[in-house]
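Asks: Line order of the protein sequences matches chains U and C. So for the first sequence, this note's numbering puts the first residue at 1; every next one is plus one. So for the second sequence, this note's numbering puts the first residue at 1; every next one is plus one.
Bear in mind the hints are in silico, worked out from the structure with no lab data behind them. All residues carry an ideal CB built from backbone N, CA and C; glycine is no exception. One or more hints might be untrue.
The following label-pair restraints were derived from C-beta to C-beta distances [what the hints assert, rightly or not]:
| id | chain 1 | residue 1 | chain 2 | residue 2 | range |
| --- | --- | --- | --- | --- | --- |
| 1 | U | L103 | C | D29 | 42 to 52 Å |
| 2 | U | Q91 | C | A76 | 34 to 44 Å |
| 3 | U | D47 | C | S98 | 21 to 31 Å |
| 4 | C | R103 | U | A74 | 44 to 54 Å |
| 5 | U | D57 | C | A87 | 23 to 33 Å |
| 6 | C | K43 | U | A62 | 16 to 26 Å |
| 7 | C | D3 | U | K25 | 15 to 25 Å |
| 8 | C | E19 | U | D59 | 35 to 45 Å |
| 9 | C | R14 | U | G121 | 47 to 57 Å |
| 10 | U | T27 | C | D83 | 42 to 52 Å |
| 11 | U | L103 | C | V18 | 24 to 34 Å |
Here's the letter readout for the chains.
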Amino acid sequence: MRVLVIDDEEDVRYVVRMSLGRVGKMTVLEASSGAEGIARARSEKPDFILLDMMMPDMDGAATFLQLRANEETASIPVVFLTAKAMASEVQRLKDLGARAVVLKPFNPMTLAADLTAILEG
Amino acid sequence: MSDALQEELRVHFRESTVERVREMMELLDALERDREDAASLRKLARHFHALAGLGTTYGYPRITELGEEGEGSMEASMEASSDAALARWRALVVAVESVLKERPPCGPPDAF
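Turn these sequences into a full structure, and let the hints steer you where they fit.
Replies: In structure tokens:
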């Protein structure tokens with residue numbers, strides 16, 4: 001399974017890379033901004049996207065809407081990553097069409113299993 | 001494998017957070033010089049937000065608590081920083097630095 005993680009924080013990308021790559025045996029692609037993520041999604045066609053909500057310049061919601069607006073990326077499942085403090089956003093993100101919302105902090109030992117269950121559910 | 005991975009994660013986080021703390025101290029110094037430095041306020045808030053989201057994931061739940069406290073405090077004073085707010089934020093950054101210097105936590109994360 002190939003996942004694209006879009007997050008401006010290198011520490012988030014690192015732990016996702018270790019968690020999904022080492023524990024979950026997934027191939028992890030990375031982008032550090034919404035614009036880079038959209039470009040990588042179009043060129044790499046990942047199986048799903050893990051998308052940070054709070055990013056400078058283009059935030060997660062704006063990135064998501066652009067992914068949905070492009071027919072090359074419109075059907076790729078998107079799971080949002082968002083901070084505990086923004087839990088009230090969960091329903092809004094699901095209403096936008098997100099497959100699920102993973103709250104930070106997350107458990108790196110179970111993230112791969114949690115995402116697999118979400119995507120198979 | 002999970003113990004080894006958790007140790008790798010903690011080592012990475014300690015190293016990157018030492019650098020983050022250094023940047024936060026520089027931002028606090030900039031805010032001492034200009035209390036309405038909006039760019040520094042924004043960057044400092046993002047650092048607290050990142051610490052809140054990352055600490056527990058990397059095995060440092062106390063750093064998540066400190067990050068949440070800083071983030072909450074900054075939300076209340078985003079337009080300008082008072083003496084009291086600056087002192088509070090600096091104390092939180094010093095506390096993060098202290099956590100990094102303590103004996104690393106052992107075992108799997110249990111704060112989720």
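Asks: Hint by hint, note whether the structure agrees.
Replies: Verification of the hints:
The hint said 42 to 52 Å for the Cβ distance between U/L103 and C/D29, and at roughly 33 Å that hint is violated. With their beta carbons about 26 Å apart, U/Q91 and C/A76 fall outside the hinted range of 34 to 44 Å. Range check, U/D47 to C/S98: about 42 Å between beta-carbon atoms, so the 21 to 31 Å window is missed. Our hint of 44 to 54 Å for C/R103 and U/A74 holds, since their Cβ atoms are close to 50 Å apart.
Evaluation of the 23 to 33 Å hint for U/D57 and C/A87 yields a pass: the beta carbon distance comes to about 32 Å. Taking the beta carbon of each, C/K43 and U/A62 are about 21 Å apart, inside 16 to 26 Å as hinted. Taken as a hint, the range 15 to 25 Å holds for the pair C/D3 and U/K25, whose Cβ atoms sit roughly 18 Å apart. The hinted range of 35 to 45 Å is not satisfied by C/E19 and U/D59, whose Cβ atoms lie roughly 25 Å apart.
For C/R14 paired with U/G121, a C-beta distance near 36 Å fails the hint of 47 to 57 Å. For U/T27 and C/D83, the hinted distance range of 42 to 52 Å is satisfied, since their beta carbons lie about 51 Å from each other. Roughly 26 Å separates the CB atoms of U/L103 and C/V18, a value that falls within the hinted 24 to 34 Å.
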